[in-house]
Amino acid sequence: MRGLRGFVNRFLGLFGGRNADREFREEIESHVQLHTDDNLRRGLPPEEARRRALVDLGGTEQALEAQREGRGLPGLERLAQDVRAGWRGVRKHPGFSLLAVLTLALGIGANTAIFSLVSALLLRPLPYDQPDRLVQLWHTPPQQQFPGRHQFALSPANYLDWRARSHVFEHTAAYGGANLSYTDGSHPENLTAALVAPDLFSVLRARPQAGRTFLPEEETPGKDKVAILSDRLWRTRFGGDAGIVGKPVRFGGEPYTVVGVMAPGFRFPAWADLWVPLAWTDKDKAIRGIHDYMSIARLSPGASVAQAQAELDTIARALEAQYPEDDKGWGALVVPLHRELVGDVRPALWVLFGAVTLVLLIACANVANLVLARTLARRKEMALRAALGASRGRILQQVLVENVLLGLAGGWLGLAVAREGITALTALLGEQLPRFTEVRLDLRVLAFTLGVSVLTGLAAGLLPGLRLTRVDPAEALKQGMGRSSADTGGRRTRGMLVVAEVSISLVLLVGAGLMVRTLAKLRAVDPGFDPRGVLSMTVALPDAKYAEPGQRTAFYDAAVERIRALPGIAGVGAIDGLPMTGGSTQPVVIEGSPDVPMSEQPEFAVRAVTAGYRDTMRIPLLRGRDFADSDRPERPQVVLVSESFAQRFWPGADPIGRRVSLTFHPGLREIVGVVGDVKQQGLGAILPAPTIYVPVLQEPRYALQLVVRPKAPLATLATDVSGAIARVDPEQPVTDVMTLEAMLDDSLAHQRATMLLLSLFAGFALLLAAIGIYSILSYSVRRRVPEIGLRVALGARRLDVLWMIVGNGLRLTGIGLAIGAVGALAATRLLSGLLYGVRPADPLTFAGVALLLTTAALLACWLPARLALRVDPMVALREE
Amino acid sequence: MGGKADVMQGTLLLMILKTLETMGPLHGYGVARRIEQTSGHGLLVNYGTLYPALLKLLQEGDIAAEWGTSDNNRRARYYRLTSAGRRRLVRETREWERTAAILGRFLVPQADRS
Numbered sequence: 001m002r003g004l005r006g007f008v009n010r011f012l013g014l015f016g017g018r019n020a021d022r023e024f025r026e027e028i029e030s031h032v033q034l035h036t037d038d039n040l041r042r043g044l045p046p047e048e049a050r051r052r053a054l055v056d057l058g059g060t061e062q063a064l065e066a067q068r069e070g071r072g073l074p075g076l077e078r079l080a081q082d083v084r085a086g087w088r089g090v091r092k093h094p095g096f097s098l099l100a101v102l103t104l105a106l107g108i109g110a111n112t113a114i115f116s117l118v119s120a121l122l123l124r125p126l127p128y129d130q131p132d133r134l135v136q137l138w139h140t141p142p143q144q145q146f147p148g149r150h151q152f153a154l155s156p157a158n159y160l161d162w163r164a165r166s167h168v169f170e171h172t173a174a175y176g177g178a179n180l181s182y183t184d185g186s187h188p189e190n191l192t193a194a195l196v197a198p199d200l201f202s203v204l205r206a207r208p209q210a211g212r213t214f215l216p217e218e219e220t221p222g223k224d225k226v227a228i229l230s231d232r233l234w235r236t237r238f239g240g241d242a243g244i245v246g247k248p249v250r251f252g253g254e255p256y257t258v259v260g261v262m263a264p265g266f267r268f269p270a271w272a273d274l275w276v277p278l279a280w281t282d283k284d285k286a287i288r289g290i291h292d293y294m295s296i297a298r299l300s301p302g303a304s305v306a307q308a309q310a311e312l313d314t315i316a317r318a319l320e321a322q323y324p325e326d327d328k329g330w331g332a333l334v335v336p337l338h339r340e341l342v343g344d345v346r347p348a349l350w351v352l353f354g355a356v357t358l359v360l361l362i363a364c365a366n367v368a369n370l371v372l373a374r375t376l377a378r379r380k381e382m383a384l385r386a387a388l389g390a391s392r393g394r395i396l397q398q399v400l401v402e403n404v405l406l407g408l409a410g411g412w413l414g415l416a417v418a419r420e421g422i423t424a425l426t427a428l429l430g431e432q433l434p435r436f437t438e439v440r441l442d443l444r445v446l447a448f449t450l451g452v453s454v455l456t457g458l459a460a461g462l463l464p465g466l467r468l469t470r471v472d473p474a475e476a477l478k479q480g481m482g483r484s485s486a487d488t489g490g491r492r493t494r495g496m497l498v499v500a501e502v503s504i505s506l507v508l509l510v511g512a513g514l515m516v517r518t519l520a521k522l523r524a525v526d527p528g529f530d531p532r533g534v535l536s537m538t539v540a541l542p543d544a545k546y547a548e549p550g551q552r553t554a555f556y557d558a559a560v561e562r563i564r565a566l567p568g569i570a571g572v573g574a575i576d577g578l579p580m581t582g583g584s585t586q587p588v589v590i591e592g593s594p595d596v597p598m599s600e601q602p603e604f605a606v607r608a609v610t611a612g613y614r615d616t617m618r619i620p621l622l623r624g625r626d627f628a629d630s631d632r633p634e635r636p637q638v639v640l641v642s643e644s645f646a647q648r649f650w651p652g653a654d655p656i657g658r659r660v661s662l663t664f665h666p667g668l669r670e671i672v673g674v675v676g677d678v679k680q681q682g683l684g685a686i687l688p689a690p691t692i693y694v695p696v697l698q699e700p701r702y703a704l705q706l707v708v709r710p711k712a713p714l715a716t717l718a719t720d721v722s723g724a725i726a727r728v729d730p731e732q733p734v735t736d737v738m739t740l741e742a743m744l745d746d747s748l749a750h751q752r753a754t755m756l757l758l759s760l761f762a763g764f765a766l767l768l769a770a771i772g773i774y775s776i777l778s779y780s781v782r783r784r785v786p787e788i789g790l791r792v793a794l795g796a797r798r799l800d801v802l803w804m805i806v807g808n809g810l811r812l813t814g815i816g817l818a819i820g821a822v823g824a825l826a827a828t829r830l831l832s833g834l835l836y837g838v839r840p841a842d843p844l845t846f847a848g849v850a851l852l853l854t855t856a857a858l859l860a861c862w863l864p865a866r867l868a869l870r871v872d873p874m875v876a877l878r879e880e
Numbered sequence: 881m882g883g884k885a886d887v888m889q890g891t892l893l894l895m896i897l898k899t900l901e902t903m904g905p906l907h908g909y910g911v912a913r914r915i916e917q918t919s920g921h922g923l924l925v926n927y928g929t930l931y932p933a934l935l936k937l938l939q940e941g942d943i944a945a946e947w948g949t950s951d952n953n954r955r956a957r958y959y960r961l962t963s964a965g966r967r968r969l970v971r972e973t974r975e976w977e978r979t980a981a982i983l984g985r986f987l988v989p990q991a992d993r994s
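If you're matching them up, the sequences are chains A and B in order. If you read the first sequence in the working numbering, its first letter stands for residue 1, the second for the next number, and so on. If you read the second sequence in the working numbering, its first letter stands for residue 881, the second for the next number, and so on.
None of these hints come from the bench; they were simulated from the model. One should not assume that every hint holds.
Under the rule of at most 20 Å between Cα atoms (straight-line distance), these lysine to any residue pairs were calculated in the SDA-like manner [what the hints assert, rightly or not]:
no., chain 1, residue 1, chain 2, residue 2
1, B, Lys936, A, Arg5
2, B, Lys936, A, Arg752
3, B, Lys936, A, Glu731
4, A, Lys225, A, Asp543
5, A, Lys328, A, Glu603
6, A, Lys545, A, Ala270
7, A, Lys380, A, Asp82
8, A, Lys223, A, Gly176
9, A, Lys223, A, Val249
10, B, Lys898, B, Asn952
11, A, Lys380, A, Arg470
12, A, Lys380, A, Thr469
13, A, Lys283, A, Ala164
14, A, Lys328, A, Asp292
15, A, Lys285, A, Val249
16, B, Lys898, B, Phe986
17, A, Lys223, A, Arg267
18, B, Lys936, A, Phe24
19, A, Lys679, A, Leu519
20, B, Lys936, B, Leu906
21, B, Lys936, A, Ala164
22, B, Lys936, A, Asp292
23, A, Lys545, A, Asp576
24, B, Lys936, A, Thr469
25, B, Lys936, A, His291
26, B, Lys936, A, Arg635
27, A, Lys283, A, Glu219
28, B, Lys936, B, Arg978
29, B, Lys936, A, Asn9
30, A, Lys521, A, Arg752
Let the hints inform the model, and build the full structure from the sequences given.
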């Protein structure tokens, strides 16, 4: 306690030094007076009396100094002194300081921006109660049917069995999605509804801001016409109506009662505009072979993810034995919800974080180099201080304090950079970010920035500081400016910095180069159709209003007819799942093939299209005929197959006239044509996706994507088409209006964003490295002016001088390239999951990047070399 | 240098506390004179060394200080014991006596032998 109290008082004593000094002077003066009085009383003459008093005291200034030492904390006071001295130093060299601070600000700012992403996505917990107890449940599909797929949606019967037989979950909830149209009187629009088991809200422990969540009985068909609105929907479409709970609203053409409004932060699933009960009929509940639903669960207290996985494994094996027809090969997978939601971006995020850290390292090296050049100029000052008794630690401390000041200034400015960076990042990444959280500069990020600023300052100051403490005072003072002496240690240090900058830049540039090549390869992939100029949009007919297949057929017939009649239209078609968007598959049986259980039948994408679809998309017809308007329900059922499908079953033979049956749509269908493959799963999909097309007239769907190709680019195309649809059904909303080119671009958004950011960082690194090489070489040329002058005077040719400078730069660059190549080989393996069509050790990328770096290094050498060529031997030698 | 100075300073602190207990509130010069007289002029070459010790006691709350007027009408800063200081004095006196006793037992036989 005493120690603490003393410390606190001493700490407080750091401040108000002047007042304390004045008071102590008064006290000493009074002491001397009292003593003098005594001496006078003893009969000493006045002058002698006072002199004796002062001698006995031991000197006023000494007493004052002893007092000062005891008053505060000497270590801290010296630190404060260094800070003041450092600040003076920073202000005395505004050019140097500005350059250093700007370099650090960019480095720290970029780091802060990326870290705020890392913080928001990977470190911040999900906004639910005890989020680490939440898991997502998946099927794992049999690998021979679904090679490469490890997560699959659940079937109702299996989900219900999992729920009934497991003990590790407190609650589980299945959910799915549906489009519900909503019209506020004039403007129809499509809402995305989450069909959820009432337990969903118990799993997430979410409470509504108004009304209630679903009751258990509301998952019974007939009692399920109740809805809970998201806060966003409630505010935008219902004006935040406080009395909304209990009101009837029509969604998808059917009457619902609003029973609740969720709180603003509640977004699960992220795409939900509103929630309605998932009401499985007894028939639905018996479905085991169709995998259409998602499920989340909350672990029971004490149960671990591993235990849950083990229990579901056992249950899934029992189900395989019990229902081999549907379940053979189907397993279970438990994934923590957080990993489920951010799993996609995690690798890219760590890559970016690594990249931006490397950029900061280069920035550090550059600042270290600046500081080194400056501190070596101050060797005399430091040597003097060392000679006067300043310890090495003290000198090091001063250099470090100066650099930490620079780091903090850089960090402060870096926050401004980061704020802009975050805005740009969220704009760039947009839809790819899981929407459960927002990216912002929170306390964690600020603490990170502070830490990085201090560390950066220390890192940039350590090397120059250590260099400086090794200076032998006698040597340094003797040398005067120390110009012509061989400053080998300093040169080695600067050489190390160049090597480090070049090697780190190489790693970053290789990473960026690989992503650029990946994107180029992906863009060069033929999607199997011609996207140029084609506009697409989604029309999702409400179930209730279009319950009869005939109604749907009539709607699409009329819509296609009206669009085709618009001026300037070359073609119009529709499909129930555009290429690139993935989509469902189903088991397909070839006529005459041996009978196997459904769970072993191969699965293929089955798409329903209109007669004009293939032509509009310009997917080549390789054999047979296209669908025609005459392929109506009452006519023989027909299909088109893609080339890879034909090759898989009839290699080298003609598939026309063969028949297949689709498990979910009974009946044998005759193959009438073979068409080209399209990239169903995205441009990056390695394997072609064998696809079967059925005429939409024979398989009427609710939701279709229209594709419209104009004869020439048409600005009014979107409004014209929407207008045509509105004339068929004014209540029918049209959504997702976009060009196919934009859709292709969007499908590459993830790679493009990674590529752009990596390129940005790599470009920045390249620039910094070039500046670093330039400043190091020009500094060394300035120091070697007399030597160069001597060489020229002794007959060295211009080429020799040139080579002396450039060769030095190139040698350092070469070492850096070699080290960087090794580093890059190790680092780019982290990228491999993001690459397409290039190997991490792509020789072309490595060679190109090395060439680029060498060119940059040559440029950076050129200016100092010219400086060296201009050295006038006479002037140089006279100076010496 | 640390250990030795601490012992010396510890002794000085104890002397100051004892002086203030005996004499009541006293200014720095008075404390110095008193210690000098009591020690038979064997201590305190420089009065200035007293002030850091006084400051330490102040900071640790054992004494308090305020400005006052001396007998011959000089302004001076008077120090007085606080209750914490009184407790410290009792405790440290006891410790000192124990140390002295041990040291005494240790030194006496040696003196005998010589």
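*Given the proposed pairing of Lys380/A with Arg470/A, does the C-alpha separation stay at or below 20 Å?*
holds, 13 Å
*Given the hinted pair Lys223/A and Gly176/A, is their alpha-carbon gap at most 20 Å?*
Distance of about 18 Å is within 20 Å: holds.
*Does the alpha-carbon distance linking Lys380/A and Asp82/A stay inside the 20 Å limit?*
Since the Cα atoms of Lys380/A and Asp82/A sit roughly 18 Å apart, the hinted pair holds (cutoff 20 Å).
*Does Arg978/B lie within 20 Å of Lys936/B when you go C-alpha to C-alpha?*
violated, 24 Å
*Take a quick look at whether Lys936/B and Phe24/A sit within 20 Å of each other, Cα to Cα.*
Given that 20 Å is the threshold and the Cα spacing comes to 14 Å, the pair holds.
*Is the hinted pair Lys936/B and Asp292/A satisfied, with a Cα-Cα distance of at most 20 Å?*
Violated - the C-alpha atoms of Asp292/A and Lys936/B are around 78 Å apart, more than 20 Å.
*When you check the alpha-carbon spacing of Lys285/A and Val249/A, does it fall within 20 Å?*
violated, 28 Å
_Agreement of Lys328/A and Asp292/A with the hint, judged by alpha carbon distance not exceeding 20 Å_ = holds, 18 Å
*Given the hint that Lys225/A pairs with Asp543/A, test it: the Cα-Cα distance must not exceed 20 Å.*
holds, 14 Å
_Against the 20 Å threshold, does the CA-CA distance of Lys283/A and Ala164/A hold or violate the hint?_
Holds - the C-alpha atoms of Ala164/A and Lys283/A are around 18 Å apart, at most 20 Å.
*Keeping to a limit of 20 Å between CA atoms, is the pair of Lys545/A and Ala270/A held or broken?*
violated, 27 Å
_Can you confirm whether the C-alpha distance between Lys936/B and Arg635/A stays at or below 20 Å?_
violated, 107 Å
Going through the hint list in order, the structure does not satisfy hints 2, 3, 6, 10, 15, 16, 17, 21, 22, 24, 25, 26, 28.
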